[in-house]
Amino acid sequence: MKHSFILSIAAAVWIPAAFAAEKTFDFKDPKGVNTVNFLLDAPLETISGTANGITGTVTVDTDDPSTAKGTIIVATESLHVPNPMMKQHMLGEKWLNAAKNPEITFEVKEVSNVKAENGKGTADVTGTFTLNGVSKEITVPVSGTYLPGRLGDRMPNAKGDLLVIRAEFPIKRSDFGIQPGQNEDKVSDEIKVKLAIAGAAAE
Amino acid sequence: MRMVVRAFALLLLIGTAGVWFALGGTLGWTKTTVDEMKVDPVTEIEYAVRHEQFVPGIEFLALGVVGAVILFAATLFVRITPKD
Chain A
1 MKHSFILSIA AAVWIPAAFA AEKTFDFKDP KGVNTVNFLL DAPLETISGT
51 ANGITGTVTV DTDDPSTAKG TIIVATESLH VPNPMMKQHM LGEKWLNAAK
101 NPEITFEVKE VSNVKAENGK GTADVTGTFT LNGVSKEITV PVSGTYLPGR
151 LGDRMPNAKG DLLVIRAEFP IKRSDFGIQP GQNEDKVSDE IKVKLAIAGA
201 AAE
Chain B
1001 MRMVVRAFAL LLLIGTAGVW FALGGTLGWT KTTVDEMKVD PVTEIEYAVR
1051 HEQFVPGIEF LALGVVGAVI LFAATLFVRI TPKD
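First to last, the protein sequences are chains A and B. Read in the working numbering, the first sequence has 80 at position 80, and its numbers run on one by one without any break. Count along the second sequence from 1, add 1000, and you get the number used in the working numbering.
So here's chain A without its partners, still in its complex pose (with noise of 0.2 Å):
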């Protein structure tokens, strides 16, 4: 009797976790496609740039969008606009601060309103962005397209399945104490924030 009560308690916390389809999706690309893009629309000056040093996982099952889990990691120092003298400012201290602040992060803490069909959906994600040491809860609408069985197709020899998220967001550098206030004739406060990633989960 006390086995079988033993073995019912072990197959209840077992079988569902061995049907369940939790894959973690590792975001570090190595064919450099990954890319932030940003863009702030001031009155006398637009700046645009990308940023493609991205890392991080997520783990997630695939059946439940909801659960999704992890971290995406930015390199502060791969951030690049086309001018080398912005960029030197961008990065330097009274800007971003790369060499304080190595890296801009957002932790996925809650995933709601999934609307999911045929390996494609919509979802608002909230979680903590990090950036110029600043942590901020913020929500985001983020779009998820999961490609079964296709990591091959990108990685010759390779079998796994891919994760696509795209987002665009707008943040306030004044949120983040980059320069508030500051130069926003020039520098926009408002940065729009745009970003398409995969990520890759090998068998």
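Any given hint could turn out to be false.
[What the hints assert, rightly or not] Simulated DEER-style distance windows between Cβ atoms:
id: 1; chain 1: A; residue 1: Gly181; chain 2: B; residue 2: Val1034; range: 32 to 38 Å
id: 2; chain 1: B; residue 1: Leu1027; chain 2: A; residue 2: Asp64; range: 48 to 54 Å
id: 3; chain 1: B; residue 1: Glu1036; chain 2: A; residue 2: Asp41; range: 22 to 28 Å
id: 4; chain 1: A; residue 1: Glu22; chain 2: B; residue 2: Met1037; range: 34 to 40 Å
id: 5; chain 1: A; residue 1: Pro170; chain 2: B; residue 2: Phe1021; range: 33 to 39 Å
id: 6; chain 1: A; residue 1: Ser135; chain 2: B; residue 2: Val1019; range: 46 to 52 Å
id: 7; chain 1: B; residue 1: Val1066; chain 2: A; residue 2: Glu110; range: 52 to 58 Å
id: 8; chain 1: B; residue 1: Phe1021; chain 2: A; residue 2: Phe169; range: 37 to 43 Å
id: 9; chain 1: B; residue 1: Ala1007; chain 2: A; residue 2: Lys100; range: 49 to 55 Å
id: 10; chain 1: B; residue 1: Phe1021; chain 2: A; residue 2: Met85; range: 21 to 27 Å
id: 11; chain 1: A; residue 1: Asp124; chain 2: B; residue 2: Arg1050; range: 29 to 35 Å
id: 12; chain 1: B; residue 1: Val1004; chain 2: A; residue 2: Ala75; range: 50 to 56 Å
None of these hints come from the bench; they were simulated from the model. For each residue, glycine too, the CB sits at the ideal point set by N, CA and C.
Please arrange chain B on chain A, whose structure you already have, making use of the hints.
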């Protein structure tokens, strides 16, 4: 001598504008990299491939124009006398 300096000012003006135009000059700031947009066929992510390329900006053009104007103005106000 005055005419030589004025000719040099004109040359600087035309030369700067010519280089600016020939290198695909932009009305923004000078760029040292140019992005070529591509689309990953599997993920359909649009991404930029960065190339090193000098694209002169408005400050490059302005420097040439200001230099030419200063040279021309100098011929109006400075007496240039050839050495004996």
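Hints, verified against the model:
1. Taken as a hint, the range 32 to 38 Å holds for the pair Gly181 (chain A) and Val1034 (chain B), whose Cβ atoms sit roughly 33 Å apart.
2. Between Leu1027 (chain B) and Asp64 (chain A) the beta carbon distance is about 51 Å. The supplied range of 48 to 54 Å therefore holds.
3. For the pair Glu1036 (chain B) and Asp41 (chain A), the supplied restraint of 22 to 28 Å holds, since their beta-carbon distance comes to about 23 Å.
4. In this structure the hint that Glu22 (chain A) and Met1037 (chain B) lie 34 to 40 Å apart at CB holds, the actual value being about 35 Å.
5. Here the CB-CB span from Pro170 (chain A) to Phe1021 (chain B) is close to 37 Å, well matched to the stated 33 to 39 Å.
6. The given range of 46 to 52 Å is respected by Ser135 (chain A) and Val1019 (chain B), whose C-beta atoms sit roughly 47 Å from each other.
7. In this structure the hint that Val1066 (chain B) and Glu110 (chain A) lie 52 to 58 Å apart at CB holds, the actual value being about 57 Å.
8. Separated by about 39 Å at the C-beta atoms, Phe1021 (chain B) and Phe169 (chain A) satisfy the suggested range of 37 to 43 Å.
9. For the pair Ala1007 (chain B) and Lys100 (chain A), the beta carbons lie near 53 Å from each other, so the given range of 49 to 55 Å is met.
10. At roughly 23 Å, the beta carbons of Phe1021 (chain B) and Met85 (chain A) sit within the given window of 21 to 27 Å.
11. Between Asp124 (chain A) and Arg1050 (chain B), the C-beta spacing of about 33 Å keeps the proposed range 29 to 35 Å intact.
12. At roughly 54 Å, the beta carbons of Val1004 (chain B) and Ala75 (chain A) sit within the given window of 50 to 56 Å.
Checked against the numbered hints given earlier, this structure breaks none of them.
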